[in-house]
Amino acid sequence: MDKPFAITLKPGSSLANHTGSWRTTRPEYVDRLPPCNAACPAGENIQGWLFHAESGDYEKAWHALVENNPLPAIMGRVCYHPCEGGCNRQHMDSAVGINSVERFLGDEANKHGWKFAPAAAASGRRVLVIGSGPAGLSAAYHLTRMGHKAVIYEEAPLAGGMMRFGIPKYRLPREVLDTEIQRLLDFGVELHLETKVTDVQQTMKDGFDAVFLGVGAHIAKRAYIPAGDANKVLDAVSVLRGMEDHDAPLLGRRVVVYGGGNTAIDVARTAKRLGAEESIIVYRRTRDKMPAHDFEVEEALQEGISIKWLSTITEAGMGERGDDIMVEKMALDENGFPQPTGEFERMEADSVVLALGQDADLSLLENVPGLVVDKGMIEIDAGMMTGHPGVFAGGDMAGNERTVTVAVGHGKKAARAIDAWLRGEKYAPLPKPELATFDRMNPWYYSDAPKTMRPVLDIIRRQSTFEEVLGGLDETNALFEARRCMSCGNCFECDNCYGVCPDNAVIKLGPGKRFQFNYDYCKGCGICATECPCGAIRIVAEEN
Amino acid sequence: MLKQTEGSHAVAEAVALCRPEVICAYPISPQTHIVEGLGEMVKSGDLKDCEFINVESEFAAMSVAIGSSATGARTYTATASQGLLFMVEAVYNASGLGLPIVMTVANRAIGAPINIWNDHSDSLSQRDCGWIQLFAETNQEALDLHIQAFKLAEELSLPVMVCMDGFILTHAYERVDIPTQEQVDAFLPPYEPRQVLDPAEPVSIGAMVGPEAFMEVRYLAHAKQMQALERIPQMAEEFKTVFGRAIGGLTHSYRTDDAETIVIAMGSVLGTIKDVVDEMRDAGEKIGVLGITSFRPFPIAAVAAALKNCKRFVVLEKSLAVGSGGIVATDVRMAVTGMGLKGYTVVAGLGGRAITKKSLHALFAKAGRGELEPVTFLDLDWQVVNRQLERERQTRRSGPAAESMLRDVGTVASKIA
Amino acid sequence: MSLQPVKFYQTGTFTVGNRLLAPEERSVQANMQRTNSLNSGHRACQGCGEALGARYAIDAAMNATNRQLIAANATGCLEVFSTPYPETSWQIPWIHSLFGNAAAVATGIAAAIKVKKQKGQGGDVRVVAQGGDGGTTDIGFGCLSGMFERNDDVLYICYDNGGYMNTGVQRSSATPPAARTATTMPLGPEPGNVFGQGKFVPAIAMAHEIPYVATATVADLRDLEYKVTKAMGIRGARYIHILVPCPLGWGTASHDTIRMARLAKETGIFPVFEAEYGEVKSVLAIRRPLPVEEYLRPQKRYAHLFGKSPAVATIARIQALADKNIRKYRLQARQGGH
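Residue numbers (this note's numbering), protein chains in the order written: chain A, 1 to 544; chain B, 1001 to 1417; chain C, 2001 to 2338.
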């Protein structure tokens, strides 16, 4: 077309006008640390595996999950999910049921027999792992992935540590535990049961380049309580361990559990299931001070467990039949510490179970030079190494927070540190990005979708059987739950920036490739950042 | 085909023969009969492949025309007087965008006071709007100029106004020769737009142009009119070849060869003037006539050539540049700059005032004697004017001038309490 | 057990795109091959709502017509910032004629297309006319009404930013009550724009009983695209009125453009609905009800309402207008309602 001068113009010719020169601030894409990931003691990339679950690719999701944690079916049951406590979705409706999706993925993997991705090429290095609890299994798994030979020595006749001997079946069915351990063995982890290590240094001489200690803490703490003969005073560790024997422990009709942690709850609930008419927890402080997780307390109360708050047991084995105990009322002082009141109450108790915490058995380390033990725990550096080079430690023996999840995290971190150490390097974790806080997000774009509730076992069966209390999600609601994830702080390719830019200054790179700003035209208005649902764009001052 | 018909209808038939594709119509006297005729032809199916749109204003009429023309449709509309003024913004826009719309202006006075009768105030108010303006002397010429107008417009990508005197031509029944479709098709090729809105080849039409290029754009509009100055006479020749009639061109000289006095005018009044000139010639006066067909572009060279042997000229025009004098006269004076001619401006026939042979005889005689004032208002009732001027001197609130004067004249005195 | 329908997406239907949606369910703006009808390099202010709304609408219309589209544009910001010589941002056949005649120009285009098609000289090309609120509700209103009444095959899109922003923020008939403009200064006993009778052109369009009338905002892209697409599937006169916040005229931060549109809708200030042949057929319900103050407060054009002593009565009057919209168009938040 022979266009008339000036009044008629060639289409799209404004590309010659680089409006980027107007800019005083510029948008930048960022990746922030999602609060779930930040809160996960096992260092899972939760958002990462939820991403795959959202599209229904559960196998890919599971593979992403097990990059950090080889025990999702277990974790989906026993983890106290601090991730959900951090989840930004709670500011909208309720936290994403991360734990339930994790369990779903773990169960799917078990159902379909999914295998871990192949390990790295064999390095020829051997690492001794002492203890087959979550820390040991995790360390062995990660070391295997990195190409090292991991050999586990386990004192007990069965693997799993506290997951088997401390967690009741109604929370963790044993076939789930067995299946996930078997997968690790199939992966190449070598397991020697009933193999007690008494001298680490000696054992290491059997061709090991490093050692990871994950012996746990399974020696019950005792409190001195004057007691007569008739009254049975037991410890929680023994009771729970006894549940794995052929004959269940005999606790009687009226059971008193002394303590306020999750173990106390586990024992009280176990006692109920063993037939106790009354299962009573005696705890010296108030409910809000109780270390046990609230949902567990709630479940216990539902099952008919009663709790005596602000009470201590001062004497047991009293009375004619020796089955009475004396309880003293406590009162909190101004610092929140319980103080005796001098007010006593006598109670009947066929047995008293002490759930006052556990200590680690550190006897195998007695001759290792350089090791430091403080208050019953082994001291380790930031890279999980003890004072003795090549000896690493994790799990209950090396931390205040004694959960399966923390132990799995320790195992992974130690494995990475061991790997670095084997290569003569020092393990340096990557710096953590800025936290993806809720105030950086634009929640408008997320549909309203309350959390999916997991089915809960009927209350009568909960009081009489060891069937799993909490059910799993089915495929449809697992998908739903996964899709509740808001991808905090990380681009999930919602195309908002691409769409909302009045200047078409966002280049879409295609599926999986995210976006780029076209600074030739970006005027720096900032709409992209304001309208980014997940807060993955920041605005910075233009430098010149 | 010879036919006795109304001027408006003759124009409607001519326009129909040009195969217009979009016609916009809004009623205003005295152009209504043209679009009524076209509307009937579209409705009856005699004029095929044509959209006839009854718009809600003249502004919309020209706007619709802009849209359809820019989309490559041969587009026609007609208006007059107030209607032309109401569409002015779009009139300028059509030429600015170079859209070859053809519009009939059935010339009519502009109010206030409102007046439906003929003069040239409306189209001459659009002197600088960028359109080509052709003035018809007769109904035959009106008819033929429309056919030429489409060809001219489309060749140059410029809109063309064909001006014909309201009522005097539009409502006059005369014999006209209506050409055949074959003749028109042979003369007027299908519209090939210079620029068009087409998804296959998108362009942006109507950019905002700043000081850096605005002058050039305006000059190019002027240059196009200068091209028209060359094309109009050629086209008249081409027309003559096909239709056998000498119609169009820039100007027409009548008995000017040895004329000492040449009377210049536009439109139907030329007929009356020619009659008077014939009579004066018979009486031995050396007088001739120059009719201007193309007011825009203004044929400076042709006018100068036509006047080069005369001694004086009289521009008789149906328009008034209030506060200045003549509009056509100004252009003519510019054309003869330096030729040493004596020029007179005569403002005549405003608002339909009859221009009589008697008055013209007297006027031309006076001109021949060199006694004419530089600016003359033909047949002005000085008594009425002077009385009103006097009234206004005496009374601040002297009332509406038109009503007061009508009361003086006594025309409608009975209707005013 | 499954209480929710499984078709829930992480981001619902609210974001521009969603990798979980089937391609045909994604928005036009999410498409890498979208036409970018209004291309980069235009001279709109930072965060211009009109530039955004125009690309949303025209891209959707292009998509709906298989790119067989011509646009007529009224004078105004959109025209000035998109086509200053020597560059144009438009990638479609586009014409600007005058301020007040976009609807009529579009009628002419539609007429030409119809004839060309009849003659076998052209395909099925569709027409959009577009202008700001000044060009639509004021100076172009006559042509708009004429186009409606004749039921010409034109979609007219009004980008309403509530004033003559191009000429320096003067009042139009779409300027809301109490708003400060250069010609309604916050002075005297009733500062800002008058509480007039209002001139809500979508309702006037409905009074013409044309086949389709809709309102939309730049905050609800999918709704906007749905309406443009629907409109392009209908023959005859259609009208879509899109609220496009203007950072300059409203005195809002450039990054808040979409947020302001969202607040206008969520407070009930701007009802979002569609109507066919004069009857309301659906509304976009309020999702998170908010008092009008939330909408007014961030805008400097209402700053005089929030001085040392807040203009409680004026704010209440504006709230009453919003409440009336909510009643009249039944905008109340509904369970699960999008």
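No wet-lab data here; the hints were simulated from the structure. Careful: at least some of the hints might be erroneous.
Stated by the list, open to error - Computed beta-carbon distance windows for the label pairs:
hint : chain 1 : residue 1 : chain 2 : residue 2 : range
1    : C       : 2327      : A       : 55        : 37 to 45 Å
2    : C       : 2236      : B       : 1185      : 40 to 48 Å
3    : C       : 2151      : B       : 1175      : 26 to 34 Å
Unchecked claim - With a straight-line Cα cutoff of 27 Å, these simulated DSSO-like cross-link-like pairs (lysine-lysine) come out:
hint : chain 1 : residue 1 : chain 2 : residue 2
4    : A       : 513       : A       : 432
5    : B       : 1286      : B       : 1358
6    : A       : 10        : C       : 2116
7    : C       : 2328      : C       : 2281
8    : A       : 10        : C       : 2117
9    : C       : 2119      : A       : 3
10   : B       : 1048      : C       : 2119
11   : B       : 1286      : B       : 1308
12   : A       : 3         : C       : 2281
13   : B       : 1048      : C       : 2230
14   : A       : 232       : A       : 111
15   : C       : 2328      : B       : 1048
16   : B       : 1224      : A       : 3
17   : C       : 2281      : C       : 2300
18   : B       : 1224      : A       : 10
19   : B       : 1043      : C       : 2328
20   : B       : 1043      : C       : 2117
21   : C       : 2199      : C       : 2117
22   : A       : 221       : A       : 111
23   : B       : 1043      : C       : 2116
24   : C       : 2230      : A       : 3
Claimed, not checked - Some chain C residues well away from chain B (every beta-carbon gap over 10 Å; in silico):
hint : residue
25   : 2080
26   : 2209
27   : 2235
28   : 2254
29   : 2314
As the structure is a computational prediction, the values presented were derived from the model and not from experiment. Think of the CB as a built atom: it goes at the ideal place given N, C-alpha and C, for glycine as much as any other residue.
Do the hints match the structure? See the list:
Taken as a hint, the range 37 to 45 Å holds for the pair residue 2327 (chain C) and residue 55 (chain A), whose Cβ atoms sit roughly 43 Å apart. With their beta carbons about 35 Å apart, residue 2236 (chain C) and residue 1185 (chain B) fall outside the hinted range of 40 to 48 Å. At roughly 43 Å, the beta carbons of residue 2151 (chain C) and residue 1175 (chain B) sit outside the given window of 26 to 34 Å. Proposed proximity of residue 513 (chain A) and residue 432 (chain A) is supported: the alpha carbons are some 22 Å apart, at most 27 Å.
Proximity of residue 1286 (chain B) to residue 1358 (chain B) is assessed by CA-CA distance (about 18 Å); at most 27 Å being required, the pair is judged to hold. Pair hint residue 10 (chain A) plus residue 2116 (chain C) holds up; C-alpha atoms about 24 Å apart against a cutoff of 27 Å. Of the pairs offered as hints, the one joining residue 2328 (chain C) and residue 2281 (chain C) holds, with about 13 Å between alpha carbons and a cut-off of 27 Å not exceeded. For the hint linking residue 10 (chain A) to residue 2117 (chain C), the alpha-carbon distance of about 26 Å falls within 27 Å, and the restraint holds.
For the suggested pair residue 2119 (chain C) and residue 3 (chain A), the alpha carbons sit about 25 Å apart, so the restraint of at most 27 Å is met. For a cut-off of 27 Å, the pair hint linking residue 1048 (chain B) to residue 2119 (chain C) stands: about 10 Å separates their Cα positions. For the given pair, residue 1286 (chain B) sits about 14 Å from residue 1308 (chain B) by alpha-carbon distance, which is consistent with the 27 Å threshold. With a C-alpha separation of about 45 Å, the suggested pairing of residue 3 (chain A) with residue 2281 (chain C) is violated against the 27 Å cut-off.
Simply put, residue 1048 (chain B) and residue 2230 (chain C) have alpha-carbon atoms about 32 Å apart, too far for the 27 Å limit, and the pair is violated. Proximity of residue 232 (chain A) to residue 111 (chain A) is assessed by CA-CA distance (about 43 Å); at most 27 Å being required, the pair is judged violated. The hinted pair formed by residue 2328 (chain C) and residue 1048 (chain B) fails the criterion: a straight-line CA distance of about 48 Å is larger than 27 Å. Only pairs whose Cα atoms come within 27 Å are accepted, and residue 1224 (chain B) paired with residue 3 (chain A) is accepted, the gap being roughly 15 Å.
A threshold of 27 Å between alpha carbons decides the hint, and for residue 2281 (chain C) with residue 2300 (chain C) the separation of about 35 Å lies outside it, so the pair is violated. For the hint linking residue 1224 (chain B) to residue 10 (chain A), the alpha-carbon distance of about 22 Å falls within 27 Å, and the restraint holds. A hinted pair counts as satisfied when its Cα atoms are at most 27 Å apart, and residue 1043 (chain B) with residue 2328 (chain C) does not qualify at roughly 44 Å. Only pairs whose Cα atoms come within 27 Å are accepted, and residue 1043 (chain B) paired with residue 2117 (chain C) is accepted, the gap being roughly 19 Å.
With a C-alpha separation of about 37 Å, the suggested pair residue 2199 (chain C) and residue 2117 (chain C) falls outside the 27 Å cut-off, and the hint is violated. For the proposed pair residue 221 (chain A) and residue 111 (chain A), the alpha carbon gap of about 39 Å is over 27 Å, so the pair is violated. A threshold of 27 Å between alpha carbons decides the hint, and for residue 1043 (chain B) with residue 2116 (chain C) the separation of about 18 Å falls inside it, so the pair holds. Between residue 2230 (chain C) and residue 3 (chain A) the alpha-carbon distance is near 34 Å, which puts this suggested pair outside the 27 Å criterion.
The Cβ of residue 2080 (chain C) does not lie farther than 10 Å from every Cβ of chain B; its closest approach is about 6 Å, which violates its non-interface assignment. Every C-beta of chain B lies more than 10 Å from that of residue 2209 (chain C), the closest at about 17 Å, which supports listing it as non-interface. Listed as outside the interface, residue 2235 (chain C) is consistent with that label: its C-beta sits roughly 15 Å from the nearest C-beta of chain B, beyond the 10 Å cut-off. Every beta carbon of chain B lies more than 10 Å from that of residue 2254 (chain C), the smallest distance being close to 23 Å; the non-interface claim holds.
Annotated as non-interface, residue 2314 (chain C) keeps its C-beta farther than 10 Å from every C-beta of chain B; the closest such distance is 38 Å.
Hint check: violations occur at hints 2, 3, 12, 13, 14, 15, 17, 19, 21, 22, 24 and 25; the rest are consistent with the structure.
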